[in-house]
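Asker: Here are the chains, one letter per residue:
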Amino acid sequence: MQPTTFEIVFPLTVLAMLGIAVPAGIMIANQAINPQKKGTRSKGEPYECGLGQTAGNAGERYSIKFYLVAMLFLVFDLEVAFLYPWALSFLKGGWDLLWILLTFLVILEAGYMYLWNKGAFDWNDATEK
Amino acid sequence: MDLSTTNFIGDLVREYSPYSWVASIVNGVIAIVAIMAVGVGPSPMLIWWERKVAAFTQARLGPMRVGPWGLLQTVCDVIKLLFKELITPHGADKLLFFLAPALPLTGSFLVLAVIPWDHNLQVANPGMGVPFIIAVSSLGILGTLLAGWSSNNKFSLLGALRCGAQMISYEVSLSLIMLFVVLMSGSADVREIVLSQQGNVTDWWIIKAPFLGIAAFVMYMISATAELNRGPFDMSEAEQELTAGFHTEYSSTAFAMFFLAEYINMVATSALASVFFLGGFLPFAFPDFGFAPIVGVVASINGALAILPGFFWMAGKILFLITLFMFFRWTYPRPRVDQLMSLEWKFLLPANLILLGLGAVFIAFGLILP
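Sequence lines, in order, name chains A and B. For the first sequence, this note's numbering gives the first residue as 10, with consecutive numbering after it. For the second sequence, this note's numbering gives the first residue as 15, with consecutive numbering after it.
Derived by calculation from the structure, the hints in this document are not laboratory data. Remember, predicted model here, so these are calculated numbers, not experimental data. Do not take every clue at face value.
A few chain A residues facing chain B, derived, Cβ under 10 Å [to be verified]: (1) Phe19; (2) Met36; (3) Asn43; (4) Gln45; (5) Arg50.
Straight line, CA to CA, 30 Å or less: simulated DSBU-like cross-link-like pairs of lysine-lysine [claimed, not checked]: (6) B:Lys108 / A:Lys46; (7) A:Lys47 / B:Lys94; (8) B:Lys94 / B:Lys66; (9) A:Lys47 / B:Lys108; (10) B:Lys108 / B:Lys98; (11) A:Lys52 / B:Lys108; (12) B:Lys98 / A:Lys127; (13) A:Lys74 / B:Lys360; (14) A:Lys52 / B:Lys360; (15) B:Lys108 / A:Lys74; (16) B:Lys108 / B:Lys66; (17) A:Lys52 / B:Lys94; (18) B:Lys98 / A:Lys46; (19) B:Lys94 / A:Lys46; (20) B:Lys98 / A:Lys47; (21) B:Lys94 / B:Lys108.
Yeah, the Cβ is synthetic: ideal placement off N, Cα and C, and Gly gets one too.
Take the sequences, apply the hints, and build the full model.
Answerer: Written out as structure tokens, the structure reads:
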């Protein structure tokens with residue numbers, strides 16, 4: 010029997026709420042059993058071996074090399090999303106779909122080689138080039 | 015014994031209740047309880063198993079004191095963590111700090127929900143199961159990023175950023191490998207993928223797709239290890255460089271949530287690997303290659319193996335894969351961050367694209383029979 014939309018959405022919603030409720034419940038129970046005590050000032054200091062006093066706090070600006078990775082991720086993940094309808098119909102399709110894929114992959118690989126040439130995948134000096 | 019009781023009770027309610035939604039709710043609740051039992055329940059046992067595997071790898075005995083062979087050690091650890099104090103560091107963003115441990119757990123619960131554990135044991139079956147899995151598993155990344163950012167600790171922030179970069183990179187190759195399996199089986203429905211491997215061992219995708227299947231499986235295991243942030247790819251918590259990475263500031267139960275999520279994620283990832291490549295809940299069956307003298311013997315052995323319900327086969331395959339993950343962790347040294355990123359962007363990604371193209375060519379030439 011085909012499941013109704015309700016039968017799919019209801020358990021998933023309950024599970025998503027459980028995923029929030031279980032940790033919340035356990036942490037509240039923990040608080041109840043053992044309430045937080047005031048302690049000295051150094052108790053709440055970040056655990057970073059004294060760096061906290063000398064190197065400013067963690068809210069300051071960082072230069073993030075990971076930005077480029079996120080862009081690349083977007084490009085390639087979108088491409089995977091594009092390929093899903095194609096993959097689902099391939100067994101019913103035939104040669105036409107094969108040519109479509111190979112054309113797509115060639116264009117993609119060309120862009121990929123360009124990125125590689127530009128040094129987008131070199132982790133160490135991605136920002137210098 | 016058949017563990018497919020969810021359907022049985024649901025049908026019973028459906029028969030006696032005038033409203034169909036009552037049956038839907040009862041069915042859903044029973045399935046959720048079952049998933050909690052099979053997905054979350056074994057986690058303490060897995061922690062014990064990991065410590066034993068680590069110990070035997072290093073020629074030690076591991077936990078031996080509490081209970082027989084130290085079986086109750088994890089229970090004691092959980093109780094100890096519950097009685098520890100929950101410390102909030104100065105300058106932490108309180109809301110996000112305590113929201114962060116919940117997100118990875120939510121993501122792994124939702125992945126567990128769409129995995130078919132047996133013929134009738136699956137919480138929900140959205141028709142497009144594979145894209146759903148890719149979507150919800152990104153919640154784990156959000157959790158680690160939030161944890162690192164909100165705890166006002168430079169090591170946490172660095173660990174979280176590394177972790178985010180690593181996980182989104184490896185998600186690309188994971189989704190490409192899943193796409194490969196979708197291409198082979200012609201369906202994005204997780205249950206359909208399992209059922210497309212019916213038959214004997216040679217019908218599992220790892221063998222049925224000649225050479226490509228085993229290559230895809232190996233690459234899946236590598237990417238999954240990186241995605242799980244487990245050793246040797248645990249850059250986000252490399253303790254020599256970053257104290258403990260993104261969860262440095264977490265204590266007591268908040269830390270336990272991250273720990274729990276790691277193990278549940280491991281169960282979910284291994285379950286997916288077994289669904290995609292190792293036939294999921296289908297029993298192990300020897301091939302007979304149409305060789306007349308052994309057909310009868312093989313058929314009777316296969317019949318005996320098929321008596322065990324699918325759930326046990328699934329659990330066995332998951333345990334095997336988890337043990338493999340543990341061997342990885344305790345055997346290989348940790349690579350550098352840039353080596354890890356190069357492995358993904360310069361090797362796994364092009365290899366996956368070629369794999370996809372080859373898969374399509376193989377199907378077009380009839381080398382892989384659907």
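Asker: For each hint, tell me whether it holds in the structure or not.
Answerer: Now for the hints, and whether the structure bears them out:
Of the supplied interface hints, the one on phenylalanine 19 of chain A holds, with its beta-carbon coming within about 5 Å of a beta-carbon of chain B, less than 10 Å. A cut of 10 Å between beta carbons decides the hint on methionine 36 of chain A: the least distance to chain B is about 5 Å, and the hint holds. Taking 10 Å as the C-beta cut-off, the interface hint given for asparagine 43 of chain A holds, the closest approach to chain B being about 5 Å. At about 6 Å, the closest approach between the beta carbon of glutamine 45 of chain A and any beta carbon in chain B falls short of 10 Å, and the interface hint on this residue holds.
The interface hint given for arginine 50 of chain A is met, as the beta carbon of that residue sits about 8 Å from the closest beta carbon of chain B, less than 10 Å. With a CA separation close to 16 Å, the supplied pair lysine 108 of chain B and lysine 46 of chain A stays within the 30 Å bound. The suggested pairing of lysine 47 of chain A with lysine 94 of chain B holds, with an alpha-carbon distance near 21 Å, which does not exceed 30 Å. As the CA atoms of lysine 94 of chain B and lysine 66 of chain B are separated by approximately 20 Å, the hinted pair is consistent with the 30 Å bound.
For the hint pairing lysine 47 of chain A with lysine 108 of chain B, the CA-to-CA distance comes to about 16 Å; that is within 30 Å, so the pair holds. Taking the CA atoms of lysine 108 of chain B and lysine 98 of chain B, the gap is near 19 Å; set against the 30 Å cutoff, the hint holds. Using a Cα cut-off of 30 Å, the hinted pair lysine 52 of chain A and lysine 108 of chain B holds, with the two alpha carbons roughly 16 Å apart. For the hint pairing lysine 98 of chain B with lysine 127 of chain A, the CA-to-CA distance comes to about 51 Å; that exceeds 30 Å, so the pair is violated.
Between lysine 74 of chain A and lysine 360 of chain B, the direct Cα distance comes to roughly 17 Å. Compliance with the 30 Å bound is thereby established for this hinted pair. A hinted pair counts as satisfied when its Cα atoms are at most 30 Å apart, and lysine 52 of chain A with lysine 360 of chain B does not qualify at roughly 45 Å. Among the hinted pairs, lysine 108 of chain B with lysine 74 of chain A is consistent with the structure: their alpha-carbon atoms are about 27 Å apart, no more than 30 Å. A threshold of 30 Å between alpha carbons decides the hint, and for lysine 108 of chain B with lysine 66 of chain B the separation of about 37 Å lies outside it, so the pair is violated.
The hinted pair formed by lysine 52 of chain A and lysine 94 of chain B meets the criterion: a straight-line CA distance of about 20 Å does not exceed 30 Å. Taking the CA atoms of lysine 98 of chain B and lysine 46 of chain A, the gap is about 11 Å. The hint holds against a cut of 30 Å. A hinted pair counts as satisfied when its Cα atoms are at most 30 Å apart, and lysine 94 of chain B with lysine 46 of chain A qualifies at roughly 18 Å. Between lysine 98 of chain B and lysine 47 of chain A the CA atoms are separated by roughly 15 Å; this keeps the pair inside 30 Å, and the hint holds.
With a CA separation close to 24 Å, the supplied pair lysine 94 of chain B and lysine 108 of chain B stays within the 30 Å bound.
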